[in-house]
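Asker: Quick note, the sequences are listed as chains A and B, same order.
According to the working numbering, the stretch in the first sequence is residues 3 to 777, in order.
According to the working numbering, the stretch in the second sequence is residues 953 to 1279, in order.
I should point out that these hints are in silico values taken from the structure, not numbers from a laboratory.
Treat the hints loosely; a few may be bogus.
[Stated by the list, open to error] Straight-line Cα separation of at most 25 Å, DSS-like style, residue types lysine-lysine; simulated pairs:
id	chain 1	residue 1	chain 2	residue 2
1	A	300	A	539
2	A	117	B	1264
3	A	673	A	63
4	A	456	A	764
5	A	117	A	268
6	B	1264	A	764
Remember, it's a predicted structure, so these values are computed and weren't measured experimentally.
One-letter residues, chain by chain:
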Amino acid sequence: MSVIAEAAKKAQGAVQAVMKTAIANAPDGWIPGGVPDPLIRAKHGLVGTPVSRIDGPLKVKGAARFAAEFPLDGMVYAALAHATIPLGRIATLDTSAAEAVPGVVLVMTYKNAPKMAPPPLFMSNPKAVSGDNLPIFQDADIHWNGQPYAVALAETQEAADHATTLIEVTYDELPARTRFAEAKTNTYPGTFQGEPLLVEIGDAEAALAAAPHKVDVTYTTPRHNHNPIELHAATVRWNGDDLIVHDATQAVTHTAWSLAQIFGLKEEQVHVTSPYVGGGFGSKTLWQHQTLAAAASKVSGRPVRIVLSREGVFRGVGGRTLTEQRVAIGAQADGAFDAIVHTGTIGMTSHNNLPEPFIVATKTAYAAKTFHLDVEVAEMDMVANTFMRAPGEAVGTFALECAVDELAHDMGIDPIALRERNEPEQDPTAGTPFSSRNIVAAYRAGAERFGWDKRQAPGTRREGEWLIGMGCATGTYPYYRMPGGAARLTLTRDARVTVAIAAHEMGMGTSTAHSAVVADRFGLPLDAVTFDYADSKLPGVVLAGGSQQTASIGAAVIAAHRALVTELLKLAGNDSPLAGLKADEVAGYDGGLCKLDEPGRYESYASILGRANRDEVTVEAEAPPPLETQHWSMHSYSAIFVEAAVNAITGETRIRRVLGSFDCGTILNPKTASSQFRGGMIMGLGMALMEEAQFDERSGRIVNPSLAEYHVPVHMDVPAIDIIWTDIPDPHAPMGAHGVGEIGITGVAAAIANAVFNATGKRVRDLPITLDKLL
Amino acid sequence: MTPFAYDRAGSSADAIRLAQATAATHYLGGGTNLVDLMREGVATPDRLVDVTGLSAAIEPTPDGLRIDAAVRNTALASDPRVRRDYPLLARAIVAGASAQIRNMATVGGNLLQRTRCAYFYDDAAACNKRVPGAGCDAVDGFNRIHAILGASPACVATHPSDMAVAMAALNAVVTIDGPDGSRDVPLTDFHRLPGGTPEIETVLARGELITAVTLPPLGFGARSTYRKVRDRASYAFALVSVAAAVDVQGGTVADVRLALGGVAHKPWRAFAAEAALRGQPATAASFRAAAEAELADAVPLRDNGFKIELAKRTIVAVLEELTGEAA
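In isolation and in its complexed conformation, chain B is listed as follows (with noise of 0.2 Å):
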């Protein structure tokens, strides 16, 4: 690990302020991964400015339920109002990591978790986001656990969070504060694809900070869950997730939400197969032909072919449990 400076910030204004000092310096959430990369050397800030300090409220706002960013990934899991309103969330949640993990974790720090591309954490290998122009070594590697969706020919990592995968179906928000200011941005604009640039993962400028995120209300999110199908019982990372709320009305799907993890280089918000769906009626042919067309773009690697049909069987499998009998 490369030496380093420690900060502890009191404020979010601090926190930016202090991270202006150098050009490599990280905010600090709860560490679970960062301090993993630092160790590994693939991170190598030479200043931390450790934000676990800040507010860590969740509280209900006008424009929904605000979850400041130093919430404690146990906390959120385990909050009644998550629990109640947005329970894909509270499953998302404890479907991750392990609970002495999530104790530690961050809502802010969960979202910039970096992928688990075992290329990344090599510095042995090519990585075109490690070392930007380096190239490729997963593209031709071992590549389950990677991207079908996405993709480029520079990078085909995936993200590995879950709790982002049912925020994006959430419609959540990020608040964003910065030396320029604060701004909002949509979850699901919040992680970029790689294109060329796979080291860039997401829309933070130099020095900004996530401060919040915050959950719109919705009617119909007591009827949504999360499904993660991976290689052990627990403690492992997604080959195919799906966070998933539907509203039926009459045997016809009225609205849903549909997310997938561990397929792309974000949590990839289904879009497609969400306007499938809406008018159709609640079957399983209905959900399948949706999952058909989420799919359709799907690039398999030398590995990881498997994934096309896991997602879109387990699409069908998590709408057809909220919308069965005992939904």
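Isolated chain A, as found in the complex (with noise of 0.2 Å):
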């Protein structure tokens, strides 16, 4: 980084330090949340019922429609080659014998590519979405071994499949930095969210050293890759100077945007759709091939669809990177903590901006006298990594709720009571207080229904060949949100009404746990509601992502719904019941409004777009910009337990039950809830035991590019998964909501090694725990 980039970055850290410390001491009227969502209130309705999911049948019947469904006259398949070398350059390239392929229609390379911008990198912008920022096909360079450096259309899938294999590509390779060991001595802090991954509070070495009891030790986790069922896919026309993309992603708005960058448009020139995602966990972003369709097809002048191979999701979309991170507690002897150091070092590369902040968790984790938190970036030429099911607190919860197991079983205190003894009064680090925090009570609640008092000596329960053992820990990932939250509510005289806004269904059940949200804010039925997302052209900039996507829906219709009741009001006039009053007095009631106090003040909402003589009202606005996570400290809970079965001859871990108690506000749908929670735990489960991308040191190419080979959990490793939790709504929060998608994998990979340990008697403090580490 130059000396300038750095003064001009500090400059801007201590600007958002100041704004930081206003916002915290702003009385909270003046931050949005200050007043509490009115829905919290309401009790009745459908918001905490389990309402099934509008999408369900259309996806049984195969009539939901993903992106590499949507058929095109005149539409070629594309295939991509993918690069051999960890870094260099092409030296010689010969595409003859692909473009003989009979179907093939054209084979693209750096040579014949149209000129296009590096894509705009995550975070560089509020639109940006590229995983990277290297120029695609626009130079010989090779950058991490698997870059793509070739697309073949043709007419068949199969024949640009097999066009690819003939590619004759020659190469100058250079020195890659593929090894971790020599990456690590020469390292960076790393920066997240503008702000550095660093944190001291007091001097927490010393307090270590002087504390009577303490623990010290080191994790490591390996790389992961993003395997959503769906495999990444796009299809793209031109229709003239204007692109459209259907594309399975979770940033609609962002790519539109992204895209007009690198093609050189304008934002209104890129339209793109993506109504239904098979899975998305932070890689359905922007990779190389939505760019390589759209200039294939600019090029070829045909519509393209593009999918990628299960192998080629492995070489060219990122994944969750390697972590070595140092945990050291030091306690009294009533387990107060005085010092926690949380330092590390993570693999990324020259080209993305993701050091995976695994300090995140420990920052409001538990009160400590002192705290030293820092994450160091070490670079490697690979693919970039990315944004994976809770990036930072998946595998910082795995190294922090270990070591706090540790520190339990050194000091011979249960683990839960060294929590509780250790739980903060306001966050830590930040000094705000909690919007919300039932941490203590979501553990309680656990431990009983759980069973955790039966839970023995380590290596004391067993049952013939196996041993039992049973873990704890703590997850949690912040309640965000971001800005540009907007959202377009359409009310007619028949009483439907629409909401029109850019957000994402990737499974998780947004336009299910919306449209019932919207019902009971307009007190309608739910067929009543129409819920339009998933395109460019809508209103908002909502990334599915960061589990922000529900309290930013969440914000932009309470603005929406404010402002279309205000537009109401005065369409009733003096002549209706609710003559007078303002917006926040009245509620939506049985298909119209009603005063809060007083239901018998009530119009309908016919009856009062019939008095004005209009069909529909339509409004449109934009959520408050999210101040509210700076007033207050937001954060998602849980307290996970684990009965594991540990193989005392073959060393291979059953896991027989786990009990995800979360604490995570307002529950809107019991039903997809649930399945976020339990797929976030199957993740869990699957990271804790299995899941590792074999990174070839020596090549920097992973050797493991299928499910075949990169595990995952099977059913049969999934025993039965027990959810409950608080349904505390979080009153600073849109509809005292959090979102779910990714507390869920979080903390379980601590309470298995944990289960694991109390099993065994054996800490295995490198993941994956598999049986060799066991026996």
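Starting from the two chains in their separate frames, assemble the complex, guided by the hints.
Answerer: Rendered as structure tokens:
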């Protein structure tokens, strides 16, 4: 980083710090969420009931159309060729044999690709959504082993696939940084969300040294690859100079803007839709394939469908990077923490910026007198690492929560009691009040239901060949809300409402949950609500990421609803029973509006619009800036309980029971939220026991790019999962709710590792916990 | 996938004749492995002769139970005679793959499965099995699943089959038909160790076709089992597997059959352990000594040293299970 850039960054940081203090100290009423969402009070209606997925029947019937299922006239199929060196340049390239394959329409490489600007890197602009910022097909440079260097278009997928195998390529290789041990000898501090990943409060090392009880250990986690069931895909066509993209994305608006930058277009010239996404988890953003499909379509004049192969996802889409984390905790005899040290190194490239922020959970987890938290970046030549379900927290809670368990064991304290002993009264590093934190209640409810009191000393419970153990851990994920949320609401005289917002449905139940919320807000039945989403032409800049889409939609809909009610009251005029009331004094009820504390003062929507001689009312409004996240410390929590069985002979681990006790505000839809929790916990089980991208440090190449060799849990690995929640609304979040997409994975790996310790007396600090580590 | 021609054979003679057409003709069974290899560009046949239409009978013969090569894995595992007389074989089959794959996979094809070594699958890697003389990236690379017995500097891959391990323990005989006539080969001699030519995995000559596998009678076959140790509960290849049958008379091991999977380039018949066990008391100490004898020559690589102890422990556990009170 240049000196000037560094100075600018520091100045920016100082401004942000001042702003942050001002927001933290402002009166509650000035902050979004300072006046609780009235919907929180409404205990009737659909919110909190297990509404079945609106899109369920469509998916079962195969009628839900995914990105690779849009048929277009004259469409051709794309396939990619991937580089086999980690760093260097293409020396020679011969595509003639590939071009000669019958049915092949185009073979595009850097030699014949159109001129394109580099893709805008995530967080370099509010709408930037690319996983890296390397130029695409503009030069002969190879930056990672697996980088696409050619795309073949053909009349059939088979011909395109075959053509890529006939491309002759040679390289001039350069020495690459592929060995972590070497890379970590030269590190720099990571920055995340504009702030350094560094917290220093007091002298933690000195406090640690002086503490009568301590644990000081190192944990390591491997690379993980994204493997959503739906492969990354896009179907694209050009309409003159306008680009239409049917994408599988968790960011339609961002993708449209980012593609516009790449192709030198106006934002409105790119139209991105993504009605159904078969799993995102942070991976369904902008990688090279959408740009390559659009470029190849432009060159060939044909619509293009691109579907990455499973190997193509491993090669071209980044995943979770590797981490090496030291956690040291110093404690007094009563268990009170004197020091928390959580430092370490992660691998990252020079063309992306996601320094896997494993300290984020530690910033708010426990009270302590001193803190030293630090994430250092070791640059490596590899596919750009990226967001993967709870980036930071998933691996960070593994290290932190194992260390707490280790300390509890060493001190002879129950690990839940040790956590309660260090429960903070306010955010321990930011100093802000918690908006809603009921982790102790979640633990107590979970412990009772799970039967935690039956836990025995490590290595003492055996059933035949199997050693049985129990473990627990805390999971946590922040409440985020990104700026830019906006929504359009249209209410018609027949009391139907349409919500239009550029949000996303990746299987988590967005349209179902939010249709129910809107129905309740309006006092209408569910089938009176139409939820239009996943189209970049719709209002709002809404990322389905960071578990923040729920809040983002909620805040936008609240703003639009308030504007619409204001408009309705104006239309109702002085002849209405509602005359003289303000928007904050009324609520949607039974197909109309009524005074909040006087339901008799009521007029139906049909009556209001009829008297005003209007067929419909439409309003569009923006959500307020998300200042609440700096005024309060806002997080979701979980207490995870696991019963593990470890085979004393073979070291095989089988999980027998899992319970997740969650504190995530109001649960909008128990059915879809449970699926989110459960899915996250299964992903955590995979992370604990089997997931590992085998990155060959000699070549920088992932050697297990297939679901046969890259293990994720199969059904037999997954026991029944019990899920409970506090259902205590967060008074400062829209609807009282938090997003629940990521919290599920957090804490699970630690709970499993702790259960394995309780079963065997062995600590495994290196994920995944495979049987060889337990023999 | 490279374009290829496709023929469907009506008889083994027909298949063998069709297979003479080109040097790169492959027989096609259920396709559960070969088609994957074709997609990956590892196998590039120019012609496939589909042999799934050949006889798929399971019949008793004077030499034992004869299983035609086209019998599907599911059919074999669910055959009542197999379940009664050779339970280790039924268990081995259902321990492999998924129900869908077993429904497709044939007996002949299962024996000819190719290794799951990652470097064999990746055409960017060096692999003597894929490209003779190219070198072996697995020797110093990721080799957690690789061989501890019978490997060579040229190749440290393992054979992935579960079914074949049970058949090795059962003294199965492979019947082969070819342009020069028919012959029988013991299953334990059917697969080769890698030596300097890991690309040659079996004794099949060009154009030869597996037509049947015969299981000789085994008096104590009912007291047999198959145990597979792996990285997840299902749908993973064996790190170590053990097929065993044991005959205990008055507390002494009268006879025993033992074979290991996941440890070598071929299904590994544990002859040394068997010899060490015969006539010995059926005790954990004898079992451990036999396991030690079998693994005495094991050589660990960077990542797979654990397999040596794992194999020993699993052998002991399986023999204890078969000879214990409950057995």
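Asker: Are the Cα positions of residue 1264(B) and residue 764(A) separated by 25 Å at most?
Answerer: holds (21 Å)
Asker: Does residue 456(A) pair with residue 764(A) here, judged by a C-alpha cut-off of 25 Å?
Answerer: holds (20 Å)
Asker: Hint check: residue 300(A) vs residue 539(A), CA-CA at most 25 Å. Holds or violated?
Answerer: Holds. Residue 300(A) to residue 539(A) sits at ~22 Å (cutoff 25 Å).
Asker: Does residue 673(A) pair with residue 63(A) here, judged by a C-alpha cut-off of 25 Å?
Answerer: holds (20 Å)
Asker: Are residue 117(A) and residue 268(A) close enough, with their CA atoms no more than 25 Å apart?
Answerer: holds (16 Å)
Asker: Hey, residue 117(A) versus residue 1264(B), does the alpha-carbon distance stay inside 25 Å?
Answerer: violated (62 Å)
Consistency with the previously given hints fails for number 2 only.
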